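These protein sequence lines are chains B and F, in that order. Residue numbering for the first sequence follows the numbering used here, starting at 1 and increasing by one per position. Residue numbering for the second sequence follows the numbering used here, starting at 109 and increasing by one per position.
Think of the hints as simulated: they come from the structure by calculation, not from any bench. This structure is a prediction, so every number in the text was calculated from the model and none was measured. Treat the hints loosely; a few may be bogus.
[Stated by the list, open to error] Straight-line Cα separation of at most 27 Å, DSSO-like style, residue types lysine-lysine; simulated pairs:
1. B:Lys56 - B:Lys104
2. B:Lys41 - B:Lys104
3. B:Lys72 - B:Lys104
4. F:Lys184 - B:Lys72
5. B:Lys56 - F:Lys151
6. F:Lys151 - B:Lys104
7. B:Lys41 - F:Lys151
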Amino acid sequence: QTVVTQEPSLTVSPGGTVTLTCASSTGAVTTNNYPNWFQQKPGQPPRALIYGSSNKHSWTPARFSGSLLGGKAALTLSGAQPDDEADYYCLIYSGAWLFGGGTKLTVL
Amino acid sequence: EVQLVESGGGSVQPGGSLRISCAASGFSFGDSWMHCVRQVPGKGLVWVSRISPDGTDTTYADSVKGRFTLSRDNAKNTLYLQMNSLRAEDTAVYYCAADIVPGPGIDYWGQGALVTVSS
């Protein structure tokens, strides 16, 4: 059974840059895994940010970007704002769709 | 505007059944893959199931295989999750989600329906 791993928690300073990663236990994450990224704030459903590794939705703030980095999917936030404090989840396809455990991002 | 509205959540005893419906609007429902995702309050997201646009292709997580059935009525723009043989560990918020933008994944989410399995 594939396990998808994310950093449990990260902290970034306002205006700073942080990279969240998403790793697969079966090997490198590639474009064939179609990585998606989501943001979830307390009491709300998730909101899609990135699909297909690096494609942004029309509503995705420009400060978010997705990529593949060292065999992992990555979500980079450049110029963090207090409103970016949330849980972030990756989703990949590996025979079935699988979510990572999520990263709690603190902006402090 | 894309809207996904779940209904049918509630409380049920272990071993019981429940059906969640998801009414879709604002997009071409019959052309879209649909997903079901669940989340135990305070915990992470767990992918549960997906169904093809014509309803002929379904995939399930191992944890629900054989107990849950995802189906759709494209004439009614509605997705259904039939949950049988429910267990305490199935207690969660169940989200209906749509893959609309070209490129596999999930683009839009419903507000979720809480299912509580308890005696």
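Mind checking the alpha carbons of B:Lys56 and F:Lys151 for me, to see if they're no more than 27 Å apart? Satisfied, since the Cα-Cα distance of roughly 26 Å is no more than 27 Å.
Taking only the CA atoms, is the gap from B:Lys56 to B:Lys104 under or equal to 27 Å? Answer holds: B:Lys56 to B:Lys104 is near 21 Å, not above 27 Å.
Would you mind confirming whether the straight-line C-alpha gap from F:Lys184 to B:Lys72 stays at or under 27 Å? violated (40 Å)
Tell me if the straight-line CA distance from B:Lys41 to B:Lys104 falls inside 27 Å. Since the Cα atoms of B:Lys41 and B:Lys104 sit roughly 10 Å apart, the hinted pair holds (cutoff 27 Å).
If you draw a straight line from the CA of B:Lys72 to the CA of B:Lys104, is it 27 Å or shorter? holds (18 Å)
Is the hinted pair B:Lys41 and F:Lys151 satisfied, with a Cα-Cα distance of at most 27 Å? holds (12 Å)
Mind checking the alpha carbons of F:Lys151 and B:Lys104 for me, to see if they're no more than 27 Å apart? Holds, at about 11 Å.
Comparing the model with each earlier hint shows a violation of hint 4 alone; every other hint is respected.
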